[in-house]
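Student: Residue-level listing of the chains:
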Amino acid sequence: MSDRLAVRKTYKLYVNGAFPRSESGRTYEVADTRGHFLANAAWASRKDARDAVVAARGAFAKWSGMTAYNRGQVLYRVAEVMEGRHAQFCDEVAAGEGLSSSRARAAVDAAVDRWVWYAGWTDKLAAVLGGANPVAGPYFDFSMPEPTGVVAVLAPQESSLLGLVSVLAPVLATGNTTVLVTSKERPLPAVTLAEVLATSDVPGGVVNLLTGDSAELGPWLAEHADVDGIDLTGAPPGRAMEFEREAAGTVKRVVRPQVPEQDWTADPGLSRMTPFLETKTVWHPIGV
Amino acid sequence: MTTAPPSPAKPNLFEYAPAPESRSIVDIKPSYGLFIDGEFVDGTGEAFKTVNPATEEVLTEVSSGSVADVDRAVAAARRAFTRVWGPMRPADRGKYLFRIARLLQERAREFAVLESLDNGKPIRESRDVDIPLAAAHFFYHAGWADKLDFAGLGPNPRPLGVAGQVIPWNFPMLMLAWKVAPALATGNTVVLKPAETTPLTALLFAEICQQADLPPGVVNIVTGAGETGRAVVEHGDVDKVAFTGSTEVGKSIARAVAGTRKSLTLELGGKAANIVFDDAPIDQAVEGIVQGIFFNQGHVCCAGSRLLVQENIHDEVIASLQRRIGTLRVGDPLDKNTDIGAINSAEQLARIRELSDIGEAEGAVRWQPECVLPDRGFWFPPTVFTDVSPAHRIARDEVFGPVLSVLTFRTPDEAVAKANNTTYGLSAGIWTEKGSRILKIANQLRAGVVWANTFNKFDPTSPFGGYKQSGYGREGGRHGLTGYLKGATHS
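As given, the protein sequences belong to chains A and L, one line each in that order. Taking this note's numbering, the leading residue of the first sequence gets 1, the next gets one more, and so forth. Taking this note's numbering, the leading residue of the second sequence gets 289, the next gets one more, and so forth.
There may be inaccurate statements among the hints.
Where chain A lies over chain L, by a calculated footprint (3+ residues, C-beta under 8 Å) [to be verified]: (1) 526-539; (2) 545-558; (3) 745-752.
Examples of chain L residues lying across from chain A (beta carbon under 10 Å, computed) [claimed, not checked]: (4) Val339; (5) Gly514; (6) Ala638; (7) Arg641; (8) Arg734; (9) Gln757; (10) Gly759; (11) Tyr760; (12) Arg766; (13) Gly775.
Honestly, the hints are just simulated from the structure, not real lab data. Even glycine gets a Cβ: it sits at the ideal position worked out from N, Cα and C.
Given only the sequences and the hints, what does the whole structure look like? Please build it.
Tutor: This is how it looks when you write it as structure tokens:
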């Protein structure tokens with residue numbers, strides 16, 4: 001081992017393509033599963049969440065307007081860049097989740113592969129979920145899936161990378177933009193993932209990652225009038241019902257949490273994409 | 289009535305002789321109970337009257353379902369789900385639905401007359417649209433019952449269980465079909481709460497269920513007002529809630545369902561933009577505008593209530609529109625010549641009047657044709673507001689009546705921005721001869737149904753439902769099944 005002193009990383013938020021500290025100036029200590037200090041993470045505030053929503057809304061037209069092929073390539077690029085940081089993710093996952101190095105490696109492998117899986121979905125969704133409708137009249141009538149808009153995601157609290165990617169990638173593959181609150185106790189892989197996203201041609205503002213407390217930010221995101229949907233997977237125990245009630249005030253699309261946290265290695269199918277897709281049906285007369 | 293800008297001369301080329309449809313085909317009983325477990329039973333809530341909105345004549349008295357009645361209905365639905373309908377061979381479920389479709393077709397005229405009596409809509413619409421489409425919905429979904437493996441949800445998708453369904457008064461029988469047909473086809477049983485002001489065709493449908501020998505408890509119909517609906521939605525043994533109605537009530541239902549295992553689909557209000565570009569064929573567009581806002585007295589969640597017309601053709605379109613509106617016949621819903629029937633209730637009429645008065649107070653210009661309204665009943669003439677700004681209440685709030693707000697735009701981008709400037713997102717219309725423009729604008733509109741060079745078309749094969757605060761979930765087509773199957777999330 002060399003006696004070189006390591007250069008540590010400052011873990012910050014990821015908002016609108018930049019890495020700011022929390023406007024509140026707050027940070028909190030992140031420890032490994034044995035209680036050893038790992039880093040200070042930015043502790044995102046309500047104002048940070050609102051800034052993130054503005055960024056996500058601003059990025060929506062560009063991201064949802066890209067061709068599905070292009071969006072798929074960007075998501076595949078995320079997998080490529082993530083693969084290059086494999087060792088770093090393994091270290092962070094092992095420390096944060098208390099996993100053996102082989103189990104941490106398996107989680108990172110699965111997370112990278114999940115990006116690849118969703119990258120391949122972007123240009124199949126319209127064929128699988130849309131199509132022509134044989135109406136009883138002289139009309140051409142077709143339906144197609146479209147992204148819901150800005151989706152708030154409360155990422156799982158336990159699975160800090162595989163769980164995170166499993167809730168984030170489907171929201172992006174469907175063309176939504178997002179404000180994501182990371183695992184509170186295990187936020188570090190999310191910040192590293194933000195660095196991957198920033199260097200993978202994901203336009204700024206498409207993904208906004210807030211480290212902090214979903215108990216604090218959840219209510220603001222659930223009631224925010226410019227948020228169209230919310231995934232409550234990482235809502236604190238006992239709070240999901242309250243957040244869902246808040247979300248009802250603006251008719252948000254809601255994904256309820258599973259208790260206990262689901263098995264993230266399972267095949268997700270379409271289950272995490274369809275909640276944040278709308279169906280648009282277009283009619284036109286057939287005639288001369 | 290104010291007439292500014294000046295009304296064009298009313299075309300009076302020919303008079304119509306009255307051509308009323310006979311109401312002798314319907315046999316309205318003096319009172320109705322609830323339909324629970326295959327039988328009509330007395331409700332334990334206070335009975336209420338339903339009136340003909342065209343005459344204010346009391347048609348009959350209807351039972352109001354109490355919490356205990358709803359409890360009995362849900363228990364019946366649960367039993368039927370567990371013992372009969374759930375285990376039944378899917379093909380047999382389908383056959384029952386085919387039977388229902390045929391029975392509806394056989395008794396179509398009876399349903400149409402009853403619908404027009406109870407709702408106030410013109411017989412032309414109940415006869416040609418509501419009832420045929422309701423029958424078509426059952427026929428379409430009948431075929432799905434034994435083909436759910438091909439619905440794209442994986443093999444052997446499972447029903448949710450008991451569906452609690454609450455429907456509005458604007459298309460009573462059609463909304464019943466939209467709710468009941470997919471629920472039954474997917475193997476669920478239902479407790480349906482029809483609207484307070486329009487319960488009669490749902491109760492006639494109960495007779496159809498009896499004639500079809502549908503097993504008791506598969507369909508239960510509990511009439512009543514908001515409290516009855518709340519009891520259905522909040523019942524602990526309901527697995528699925530489906531609601532069509534106002535955004536305000538939809539939000540309260542979403543709140544009530546929060547934190548439960550219940551699956552929810554909502555089809556709520558709208559404030560659709562109907563966009564007319566300067567290259568559109570004006571006569572066709574005017575027909576589409578009329579169809580868009582005056583169909584069913586404008587009691588349509590997807591009504592084209594905001595006309596966005598390109599500035600350079602504004603005057604021409606308005607003149608043509610006024611000329612056309614001058615020929616619309618307002619009056620007896622049972623008259624086959626009638627274009628615009630009665631407003632469904634005194635309450636709704638008051639709301640339309642209030643919002644129209646606010647429209648004027650805020651500076652928009654009201655135009656109504658000269659027309660003689662009947663002395664009794666609830667009536668509102670077709671109305672056009674010009675000089676409407678996007679901030680006006682009549683450009684933002686759902687009026688749910690025959691009131692059109694006209695706004696202008698110069699560029700396609702402005703049209704899209706104005707069209708999307710609403711909390712709703714149910715439907716929209718585009719009128720232009722340019723195909724590439726249709727496809728681009730259709731892509732940019734945040735609305736669940738886009739009608740291009742047509743408006744207010746519906747079909748059981750075609751998914752219908754909203755973006756944003758117009759709700760979530762779809763009704764019709766393969767998509768409509770997902771709201772009633774386990775593991776499937778609506779899209």
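Student: Indicate, hint by hint, whether the structure satisfies it.
Tutor: Status of the hints after comparison with the structure:
no., hint, verdict
1, 526-539, "holds (count 3)"
2, 545-558, "holds (count 4)"
3, 745-752, "holds (count 6)"
4, Val339, "violated (32 Å)"
5, Gly514, "violated (17 Å)"
6, Ala638, "violated (26 Å)"
7, Arg641, "violated (28 Å)"
8, Arg734, "holds (8 Å)"
9, Gln757, "holds (4 Å)"
10, Gly759, "holds (6 Å)"
11, Tyr760, "holds (6 Å)"
12, Arg766, "holds (8 Å)"
13, Gly775, "holds (7 Å)"
In summary, the numbered hints that this structure violates are 4, 5, 6, 7.
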